[in-house]
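K.L.:
Each chain, letter by letter, is given below.
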Amino acid sequence: MDKTRVIKFTMKNSTAVLFVLIFIMFGLIAPRFFTVKNFQNIMSNASYIGIIAVGMTFVLLTGGIDLSVGSTMYLCAVVCGKLINEAKMPVLFAVIISLLVGVLIGSVNAFAITRLRLVPFITTLITQTIARGFGLFITRSIAVNYPDSVTLMSTSKVLGFIPLQIFIFLSVVAVAAIVLGKTRYGRQLYAVGNDLESAKKAGIRCDRLIASTYIISGLLAALGGFVTITQIGRVNAGFGSGDEFDAIAAAVLGGASLFGGIGTVFPGTVLGTVMIEMIQAGLVFANIDIYIQPIIMAGIIFLAVFIDSVRTTQIQKLERRNILKA
Amino acid sequence: MAEVVFAYKNITKRFFGVHALKDVSFELERGRILGLVGENGAGKSTLMNILGGVLQPDEGQMILRGAPFAPKNPLEASSAGIEFIHQELNLFTNLSVSENISISRFPCLGSSPLINKKKMRESCKKLLKSLNLDISPNILVENLSPGERQLVEIAKALSTNADILLFDEPTTSLTAKETEHLFSIMRSLRDEGKSIIYISHILGDVKSLVDDIVVLRDGQVICGGPIEDFPIHRMINLMVGREISNVFPERHSHAKDRVILEAKHVSETGIVRDVNITVREGEIVGMFGLMGSGRTEFARMLFGVDPYKEGSITVCTEPLPKRNPQQSIKRGLAFITENRREEGLLMDYPILENIGLVSLPDFSSRMTRMVDSKRLFKQANEIATSLRLKCNDLKNQKVKSLSGGNQQKVVIGKWLLKHPSMLIMDEPTRGIDVGAKYEVYLIMEQLAKEGTGILFISSEVEELMAMCDRIVVWSQGEVMHEFEKSDFSQERIMRIAFRQSLEYSEEEKAVVNGQD
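Residue numbers (the numbering used here), protein chains in the order written: chain U, 1 to 326; chain W, 1 to 516.
Think of the hints as simulated: they come from the structure by calculation, not from any bench.
None of these values were measured; they are calculated from a predicted model.
Just so it is clear, CB atoms sit at the ideal spot from N, CA and C, and this is done for glycine as well.
Don't take every hint at face value.
[To be verified] Derived CB-CB ranges, DEER-like:
id	chain 1	residue 1	chain 2	residue 2	range
1	U	E197	W	F498	33 to 41 Å
2	W	S386	U	V119	54 to 62 Å
3	U	F306	W	F498	40 to 48 Å
[Claimed, not checked] Here are some, though not all, of the chain U residues that point toward chain W, as calculated from beta-carbon distances under 7 Å:
id	residue
4	G133
5	K182
6	A211
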């Protein structure tokens, strides 16, 4: 009896178990992995993908998907840079406007999906191309550089010890976790993802809820873009491309289902994001060939999702009603 | 005369020019249970959807507590005190019981968007207690049994203090015990002054539960009045509009000696134990048992959908490979599943595609693998005609636009096109009306006559007794007893299903005699 309980616990928390295993494995390979500095680096690198992945979690919960986040990051970062460099706008205003651009792209997605009834996959694939197209049009594909006033932000510490990007990440996570777990909006979002028809019958305004998730995703993508430029100070034409897949991978590693209704921001998506960054850092520490790294990365993601699929059927088996009387 | 809470006045509703409801009027009184019966397609659901705000009538009006009432959406109906308990449950399996109950109107902390979880749990606890339901408000709905889920659905309806409750076939997934519990709750709700409309195909339940009855046929009210005036045979006659002297067709035994299907010592951990069953050519073998006694699970093993650990299954003395439905089909097995919407049909596809689905390989040319659609259409059409399938357009009409009985005929037609030698039918008459049931029975009789072996799973003892040559009774994953036709007795079959001994014990005899 106790044995099955242990198995059940392990399965239900497979992400966390895998997390700890990978953590220990890299620690054994490269002892320098276990340093405070390294953890701070991992968290810091995780913050921008994490912010986007939180937005992605909202979308995934409704059974949708948002492929436009990488391009949204790019366009918003470009707009922000151009406003500061060429319009000489104060940084704060430029940031606010670039966040609004994110909201705008999210609204376009939301409108097409909930009003025009287009499929999320295609809609966001289109806006992905459009947003990047606009960015390239504005910059003529020339890289944008940011002044020191922006890049110095990455060195600033909130409360004297938390790096700004980590603080933003954790704040986004905290707000999102409360919204999803404790508000009417959040719980209704889970309902919509579980059974759209029933949610409609329960009087939930499903379209509004679904629309809101794309807007949130757009906003957070813009924020993630800004956090990145504070760290790297320069945005080229390929900025953010492919990041949508990291964000999706992070959410799915954290237990979110692509069919909707299942997933959490905390611990789920946070764990997924940090795990991806941890693996990346670990591969560097272990001196793995840089061209092999993405392959190993993909392999680990495959493994995690595979375990998740096995686990789901196993849990069902364990919890299946036993007809026979013992 | 009690107070009239709600009334339909001359309601007419058309879909694409076809009358779904024609001039329907009747009244619902306070503190009464009104039974609404009629064949599938008679207009019951349309009527309920109009009251529930899902549909709007074309003509006529509704009167609620003396005032005209015209809800534009379900939320308006709900805030007017009308709640709908649907045939399909509308629960969110990923949320807790208390969240499900408050999903439309979460109590919040002051004016903040945060949910007042404590208040939510407390009111949920109170509701569950009033329904005698011993579950925690925090448990996720996915961990509940179908019966518990149904009761949660009712708790949800009650949470709004509704005084008109609509129940649409609420017992289809319940065990006999759970059904009885549900009925006692409904009766006590009635005694508290709530008004209930109850829709069901199980006329015995209707008879024992309701106070008044309204019979619908082809969108019109045929008759109504206190239940005392409506014995079951009268209800049936009114519903179908013709005399059905017998609910079941005449049966002849067609069983030959040749064994078609034989299962020997089939076991699977936690599911079934040492099951032995044989079906002969032309024989109809019934499988009776309570919900969850392992009949469906066993049928799935037979057909090769689910695995089994021990034992063997042979078809015409040749062993049948495990977990290989393709082989099972090739060897002449056909499986009409319990759940036609999810497992039996492609609801959004035309009738023809559904009928042809299993037999496509038989209709494709050797060389190019292209489907010979002319030949397929011709044969599908023959089958549809022989099954008396009511439809407008075999090629273009979607299955979901058919009534339940006709949908079931499509499922049967799909397998008949394959000319099976062994047909497994899992609850083939569930949720379809009396007329359609009769036609399904006729098809079974015809197939048996042609030599098909039939394994007939049902939870209605009467239909098994009427249709089967033999009945196998299940309980908790085991075959408890086999009844030959001459030994059929409803009481004895039920006793076995409940794991009682076949004969009364001395004490029971005393009780029975005492009552006499």
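K.L.:
Indicate, hint by hint, whether the structure satisfies it.
P.N.:
Structure-based check of each hint:
1. U:E197 / W:F498: 33 to 41 Å: holds, 37 Å
2. W:S386 / U:V119: 54 to 62 Å: violated, 41 Å
3. U:F306 / W:F498: 40 to 48 Å: For F306 (chain U) and F498 (chain W) the Cβ distance comes to about 45 Å; the hint holds.
4. G133: With a minimum Cβ separation of about 36 Å from chain W (threshold 7 Å), the hint on G133 (chain U) is violated.
5. K182: Since the shortest Cβ distance to chain W is 5 Å, the answer is holds.
6. A211: violated, 18 Å
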